[in-house]
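Visitor: If you use this note's numbering, the sequence shown closes out at 477, no skipped numbers anywhere.
A portion of the hints provided could be inaccurate.
Claimed, not checked - So the derived label-pair ranges between C-beta atoms look like this: (1) THR394 x ASN193: 14 to 22 Å; (2) GLU173 x ASP455: 45 to 53 Å; (3) ASN295 x GLN221: 22 to 30 Å; (4) SER297 x ALA244: 32 to 40 Å; (5) VAL150 x GLU409: 46 to 54 Å; (6) ALA448 x THR176: 38 to 46 Å.
What the hints assert, rightly or not - Computed cross-link-like contacts, BS3-like style, restricted to lysine-lysine with a CA-CA straight-line distance of at most 30 Å: (7) LYS172 x LYS246; (8) LYS467 x LYS366; (9) LYS280 x LYS246; (10) LYS207 x LYS172; (11) LYS459 x LYS344; (12) LYS246 x LYS344; (13) LYS366 x LYS344; (14) LYS459 x LYS366.
Hints were generated in silico from the structure; no laboratory data involved.
Note that the structure is predicted; figures quoted are calculated from it, not measured.
Ideal Cβ placement from N, Cα and C applies to all residues, glycine included.
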Amino acid sequence: MPVGGVMVIDQQQNVTLANRAFSQMTEKEISTAPPHPFTDDVSNAALLNMINSALMSHQNGHKEITNFQRARTWDAQVVNLEGAVPAVVVILYDITMLVAAKQSQIDFLRNASHELKTPPVATIRGFTETLQAGAKDDPETLTDFLQDIENASQQLTDLVNDILVISHVQMQEAGEIEPIELADLVQQEMGHWQLAAESKQVSLTDQIDSQLVVVGNRQALKRIVSNLISNAIKYNWEAGEVMINAGSNTSQWWLEVSDTGIGIEEAAIPPRVFERFFRADQSHSNQVVEGTGLGLAIVAELAATYHAHIDITSKVNQGTTIKLTFPVTNKKN
């Protein structure tokens with residue numbers, strides 16, 4: 145549990161005690177010799193108000209305080225102790241990460257709700273209502289609409305599956321690791337996406353040494369490779385290329401997926417490109433790219449779980465390269 149910051153203020157409004165954690169949170173070196181007013185050390189307006197209320201009106205306080213200057217959030221509690229030696233005790237906990245995680249969940253649920261409503265659900269409902277209104281009596285229209293409903297259903301299924309994957313990754317610890325022949329794993333995943341590549345006339349090639357063996361979690365690595373290949377195909381031009389490479393040294397190994405596709409605007413390169421439901425801007429390419437917008441978010445979540453570093457380079461209309469670098473380990477969890 146994190147150490148709380150503690151400050152004690154006497155009835156003369158002087159600081160009589162302040163621990164190291166309080167100094168670190170307020171980013172001010174605090175010494176109690178000689179005694180000095182607490183206002184020399186506390187500058188946050190909300191916290192000052194809480195302390196003054198405790199000193200003047202004997203009102204205890206407990207609230208979240210955002211320090212915008214330092215981009216931190218504190219859980220602050222101020223208590224007036226009316227014992228033999230009256231004093232006010234200020235206790236701070238840094239809850240910045242907790243607040244960020246909560247906001248991330250809120251944003252995720254909000255975005256997921258939006259994505260679930262449009263376009264897949266709206267499409268299914270719209271075509272169904274049209275068929276019920278009489279379009280089903282036209283065989284050609286019926287066939288076209290049923291195909292559109294099937295496509296929208298598949299989009300919805302993909303979205304739900306990706307949401308479940310992210311939830312699973314966040315809830316689980318790193319899985320068991322084992323030696324993996326990387327070339328075989330990559331070729332298997334390339335095989336899964338071969339039909340999608342052929343439909344756009346995109347070539348899939350890899351230059352991975354067949355002798356390269358890495359230690360990792362097989363399912364996590366398969367998901368990473370699959371999502372990277374999927375993205376490289378979706379955001380590629382017709383007759384484009386996807387190239388996969390890998391290598392290693394004594395301290396790390398890396399996996400690199402490059403494409404010759406539409407690229408990513410510089411402003412979207414990390415961290416935005418790894419945000420959930422982010423999609424590259426296709427306005428410059430007139431391409432419509434279907435997908436859940438969760439592929440790279442899943443890659444980022446898994447990379448963090450296994451302490452991998454992600455590098456991404458991209459040029460609009462020329463292509464993108466994503467490189468994951470993993471620490472070498474010979475141990476099993």
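Visitor: Take the hints in turn and mark each one as holding or not.
Guide: Going down the list of hints, with the structure as the test:
With their beta carbons about 57 Å apart, THR394 and ASN193 fall outside the hinted range of 14 to 22 Å. Here the CB-CB span from GLU173 to ASP455 is close to 38 Å, at odds with the stated 45 to 53 Å. Between ASN295 and GLN221 the Cβ separation comes to about 55 Å, which falls outside the hinted range of 22 to 30 Å. The beta-carbon spacing between SER297 and ALA244, approximately 35 Å, falls within the hinted interval of 32 to 40 Å.
Our hint of 46 to 54 Å for VAL150 and GLU409 holds, since their Cβ atoms are close to 47 Å apart. Checked against the hint of 38 to 46 Å, the C-beta distance between ALA448 and THR176 comes to roughly 41 Å, which is consistent with it. For the hint linking LYS172 to LYS246, the alpha-carbon distance of about 28 Å falls within 30 Å, and the restraint holds. Proposed proximity of LYS467 and LYS366 is supported: the alpha carbons are some 15 Å apart, at most 30 Å.
Between the alpha carbons of LYS280 and LYS246 the distance comes to roughly 47 Å, so the proposed pair goes past 30 Å and is violated. The suggested pairing of LYS207 with LYS172 holds, with an alpha-carbon distance near 22 Å, which does not exceed 30 Å. The hinted pair formed by LYS459 and LYS344 meets the criterion: a straight-line CA distance of about 21 Å does not exceed 30 Å. About 40 Å separates the Cα atoms of LYS246 and LYS344, which puts this hinted pair outside 30 Å; it is violated.
Taken as a hint, the LYS366 and LYS344 pair is honoured in the structure, with Cα atoms around 23 Å apart against an allowance of 30 Å. Between the alpha carbons of LYS459 and LYS366 the distance comes to roughly 27 Å, so the proposed pair stays at or under 30 Å and holds.
Of the hints listed earlier, those the structure fails to meet are numbers 1, 2, 3, 9 and 12, in rising order.
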